[in-house]
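Number of protein chains: 2
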Amino acid sequence: MQKKIITISRQFACGGKEIGKLVAKKLNIDFYDKELLAIVAKKSGYAIEFLEETGEYVNASLLFNVATSAMVGHRQFVQNHEMPLSDKVYVAQHNIIKELAEKGPCVIIGRGADSILKDRDDVFNVFICADMDFRKERALKYHKMEEKNLEKEILKRDKKRAAHYNHYSDGTWGDARNYHLTLNSSVFGIEKCADIICNLIQDM
Amino acid sequence: MQKKIITISRQFACGGKEIGKLVAKKLNIDFYDKELLAIVAKKSGYAIEFLEETGEYVNASLLFNVATSAMVGHRQFVQNHEMPLSDKVYVAQHNIIKELAEKGPCVIIGRGADSILKDRDDVFNVFICADMDFRKERALKYHKMEEKNLEKEILKRDKKRAAHYNHYSDGTWGDARNYHLTLNSSVFGIEKCADIICNLIQDM
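Which chain is which? The protein sequence lines are A and B, in order. Heads up, the first sequence is in this note's numbering, so the first residue is 1 and it goes up one at a time. Heads up, the second sequence is in this note's numbering, so the first residue is 1 and it goes up one at a time.
No lab work stands behind these hints, which were simulated from the structure alone. We put the beta carbon where it would ideally sit given N, CA and C, even for glycine. One should not assume that every hint holds.
[As the list claims (entries may be wrong)] Take a look, some chain A residues computed to stay more than 10 Å from chain B by CB distance: (1) LYS43; (2) ILE48; (3) ALA92; (4) LYS144; (5) MET145; (6) GLY174; (7) ASP175; (8) ASP203; (9) MET204.
[Said to hold, decoys possible] Derived CB-CB ranges, DEER-like: (10) A:GLU147 - B:HIS143: 50 to 56 Å; (11) A:LYS34 - B:GLU52: 48 to 54 Å; (12) A:LEU155 - B:GLN2: 37 to 43 Å; (13) B:LYS88 - A:LEU140: 25 to 31 Å; (14) B:GLU146 - A:MET83: 43 to 49 Å; (15) B:HIS143 - A:LYS34: 45 to 51 Å; (16) B:GLY189 - A:ASN149: 29 to 35 Å; (17) B:ASP121 - A:VAL91: 26 to 32 Å; (18) A:GLU82 - B:GLN202: 34 to 40 Å; (19) A:LYS25 - B:VAL91: 32 to 38 Å.
All chains should be modelled from the sequences, with the hints used to inform the complete structure.
Following this line, the structure appears as structure tokens:
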């Protein structure tokens with residue numbers, strides 16, 4: 001197995017986390033989703049709930065940062081102000097992701113890990129997407145979201161993930177060119193997606 | 001085999017056509033790349049060389065169309081002017097692609113076939129991308145391009161394909177969400193990509 005770190009980026013509510021969990025189980029390697037947040041929380045002192053939002057979704061702090069940087073120029077902004085909270089969280093998360101990759105084979109869910117680990121040649125980057133009906137069903141069942149404005153809320157989560165990724169990485173979230181493999185989980189199903197990833201990684 | 005039409009979109013010089021040809025051979029189904037252009041040429045009277053460029057790459061005619069539509073509003077433009085040449089080619093190609101899909105199982109390379117056939121539920125959409133070094137090698141070997149400005153020329157072809165796709169379809173060229181599967185051919189290799197597609201399609 002030449003590629004030993006698997007990063008899984010995903011649209012909201014398409015089963016990416018479940019696929020990653022199955023892959024880690026089948027390959028008997030470590031799995032980092034909330035587990036990653038727990039480590040960042042322990043090292044940085046931030047609450048897990050706070051990291052869950054700030055580490056992957058664009059928020060008011062990041063928007064303020066982007067807007068102010070654009071207005072006054074990034075260098076000037078950095079000179080005149082303390083590092084914004086969203087950047088601090090990003091740096092903490094970035095360092096932990098690099099450390100975990102160093103530790104050994106694993107699956108890392110989201111958080112721009114594909115971009116953070118782009119200088120390594122043992123990383124396999126996957127993106128999972130799915131049709132809206134499939135995602136709606138999962139959002140109701142697993143994310144306990146309400147039926148009212150469901151599609152709008154799902155798309156809002158995607159948009160915030162995309163904005164976070166596009167701000168901190170060189171690529172565009174969801175662009176096939178960032179990933180080695182992308183799969184539509186509503187076409188293949190969760191189990192089959194995990195099997196496809198495992199078979200490909202074991203063949204490499 | 002529930003999915004019987006395979007569309008393969010691809011970056012320039014990443015081996016997408018070769019992968020499609022292998023898939024068609026392995027599955028013993030029809031293959032349309034230049035074969036499609038020959039049919040469009042026969043029905044429309046346009047030269048194949050002209051269709052090769054106009055049917056997939058943004059060109060002066062399409063740029064004029066886009067710019068003029070933006071200036072005067074699309075409806076007014078359509079009322080006052082004859083349909084632009086790029087639109088005529090698109091319509092001819094669009095109709096042939098729909099007819100071919102109706103005829104039976106096949107592989108169709110490029111030309112926005114994924115978007116043209118989006119209302120069918122028996123279509124499997126694939127996008128192939130690859131790292132730049134791999135594409136450079138193929139561009140020199142198979143497309144007989146010159147070493148000078150090679151990367152720039154490759155990216156120019158991508159950009160023109162993207163602009164054509166983005167103008168005529170609802171999606172964004174290369175965005176994983178348009179496709180059921182995307183593969184990086186420089187990671188897997190041409191033969192393996194064809195095998196992956198065949199195995200997946202036969203399992204569905």
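Each hint, compared with the structure:
Chain B leaves LYS43 of chain A outside its interface by the beta-carbon criterion, the shortest separation being 32 Å against a cut-off of 10 Å. Residue placement check: ILE48 of chain A keeps its beta carbon more than 10 Å from all beta carbons of chain B (closest about 29 Å). Here ALA92 of chain A stays apart from chain B, with its beta-carbon at least about 28 Å from theirs, past the 10 Å limit. With a minimum CB-CB distance of about 25 Å to chain B, LYS144 of chain A clears the 10 Å threshold, and the non-interface call stands.
Look at MET145 of chain A: its CB is around 20 Å from the nearest CB on chain B, clear of 10 Å, so calling it non-interface holds up. Listed as outside the interface, GLY174 of chain A is inconsistent with that label: its C-beta sits roughly 5 Å from the nearest C-beta of chain B, within the 10 Å cut-off. With 10 Å as the threshold on Cβ separation, the claim that ASP175 of chain A sits away from chain B is violated: the shortest Cβ distance comes to roughly 6 Å. Consistency note on ASP203 of chain A: stated as away from chain B, yet its beta-carbon is not over 10 Å from all of that chain's, at 8 Å minimum.
The claim that MET204 of chain A lies off the interface is violated: its Cβ sits roughly 8 Å from the closest Cβ of chain B, which falls inside the 10 Å cut-off. Judged by the Cβ atoms, the range 50 to 56 Å given for GLU147 of chain A and HIS143 of chain B holds: they are separated by roughly 52 Å. Distance hint for LYS34 of chain A and GLU52 of chain B: a CB-CB separation of about 51 Å, consistent with the stated range 48 to 54 Å. With their beta carbons about 28 Å apart, LEU155 of chain A and GLN2 of chain B fall outside the hinted range of 37 to 43 Å.
Between LYS88 of chain B and LEU140 of chain A the beta carbons are some 46 Å apart, a value that contradicts the proposed interval 25 to 31 Å. For GLU146 of chain B and MET83 of chain A, the Cβ-Cβ distance of about 47 Å falls inside the hinted range of 43 to 49 Å, so the restraint holds. Distance hint check: the CB atoms of HIS143 of chain B and LYS34 of chain A are about 48 Å apart, consistent with the given range 45 to 51 Å. A hinted range of 29 to 35 Å is violated for the C-beta pair GLY189 of chain B and ASN149 of chain A, which are about 45 Å apart.
For the hinted restraint 26 to 32 Å between ASP121 of chain B and VAL91 of chain A, the CB-CB distance of approximately 46 Å leaves it violated. Distance hint for GLU82 of chain A and GLN202 of chain B: a CB-CB separation of about 58 Å, inconsistent with the stated range 34 to 40 Å. As the Cβ distance of LYS25 of chain A to VAL91 of chain B is approximately 51 Å, the hint placing it in 32 to 38 Å is violated.
Hints 6, 7, 8, 9, 12, 13, 16, 17, 18 and 19 from the list above are not met by this structure, while the remaining hints are.
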